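Engineer: Sequence:
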Amino acid sequence: HVYQVSCKYLSKIVVNASPAHVFERLLTGGHGQRSGDWFQQVAPRELDAFYTVVREESDLALPATASELTVAERKALAISLRGTLSTDARKHYEELAPIVARESARVWSGAIAGDEERMLWRMLRIGSAPYFVLGASKSGPLRMRVGTPWDWRQRFTLSHFGIEPRDGGQPMVGWCADVRDKKTGAEHRVDGHVQIRWSHGRFC
Numbered sequence: 014h015v016y017q018v019s020c021k022y023l024s025k026i027v028v029n030a031s032p033a034h035v036f037e038r039l040l041t042g043g044h045g046q047r048s049g050d051w052f053q054q055v056a057p058r059e060l061d062a063f064y065t066v067v068r069e070e071s072d073l074a075l076p077a078t079a080s081e082l083t084v085a086e087r088k089a090l091a092i093s094l095r096g097t098l099s100t101d102a103r104k105h106y107e108e109l110a111p112i113v114a115r116e117s118a119r120v121w122s123g124a125i126a127g128d129e130e131r132m133l134w135r136m137l138r139i140g141s142a143p144y145f146v147l148g149a150s151k152s153g154p155l156r157m158r159v160g161t162p163w164d165w166r167q168r169f170t171l172s173h174f175g176i177e178p179r180d181g182g183q184p185m186v187g188w189c190a191d192v193r194d195k196k197t198g199a200e201h202r203v204d205g206h207v208q209i210r211w212s213h214g215r216f217c
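My numbering puts the first residue of the sequence shown at 14, with every later residue one more than the last.
Quick caveat, the hints were computed from the structure, so don't treat them as lab data. Hints may be right or wrong, so weigh each one.
With beta-carbon atoms standing in for the labels, derived distance ranges [claimed, not checked]:
hint, residue 1, residue 2, range
1, S150, T78, 42 to 48 Å
2, S150, A91, 31 to 37 Å
3, T78, K104, 16 to 22 Å
Every value quoted in this text rests on a predicted model; they were computed, and no experiment measured them. We treat Cβ as the ideally placed atom computed from N, Cα and C, and that holds for glycine.
With the hints as constraints, model all of the structure from the sequences given.
Structural biologist: Spelled out as structure tokens, the structure:
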């Protein structure tokens, strides 16, 4: 027999994907496809306000708007912004973050439009073939079999799938699923969140 195995050690990250791949493409097709700056897409005014402060405080020669940054300029800016932001920059980032979270939640809700069950399967890495997750968690050794959508429907019913923006140090969209066990009638809640951030530092 051949078994697919996923190894996971002390990690709660299930999916690592771009915001566009999660919120617009719903984790289907085009994985790894390059996307634009999600912050620019969903909160352009707030991003420009944050960028303006950062640009004025920087010693780098930077363009007037964030959308004009080259790849090299983005990398240089990210390096210069490592660590603590100034009080003024932090204020503008704190205004940016909730807008990004709110608009991301809105885009995601609109894109799902009745496809909540399949979205849950993708978020939980439930695919067409069963596989095993082996590793370690804070509570001890991790050993579980992840079934298929067919297995899921034999055992569970999705009662509700909710999405909401969440407060935090960075933009976040929370999601939860209420699931009923057909055999026992017990109700279970699966709760998670999507963190939205630049992958290589601020603006990069």
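Engineer: Now, for every hint given, state plainly whether the structure supports it.
Structural biologist: Results for each hint:
no.	hint	in the structure
1	S150 <-> T78: 42 to 48 Å	44 Å, holds
2	S150 <-> A91: 31 to 37 Å	32 Å, holds
3	T78 <-> K104: 16 to 22 Å	20 Å, holds
Checked against the numbered hints above, the structure violates none of them.
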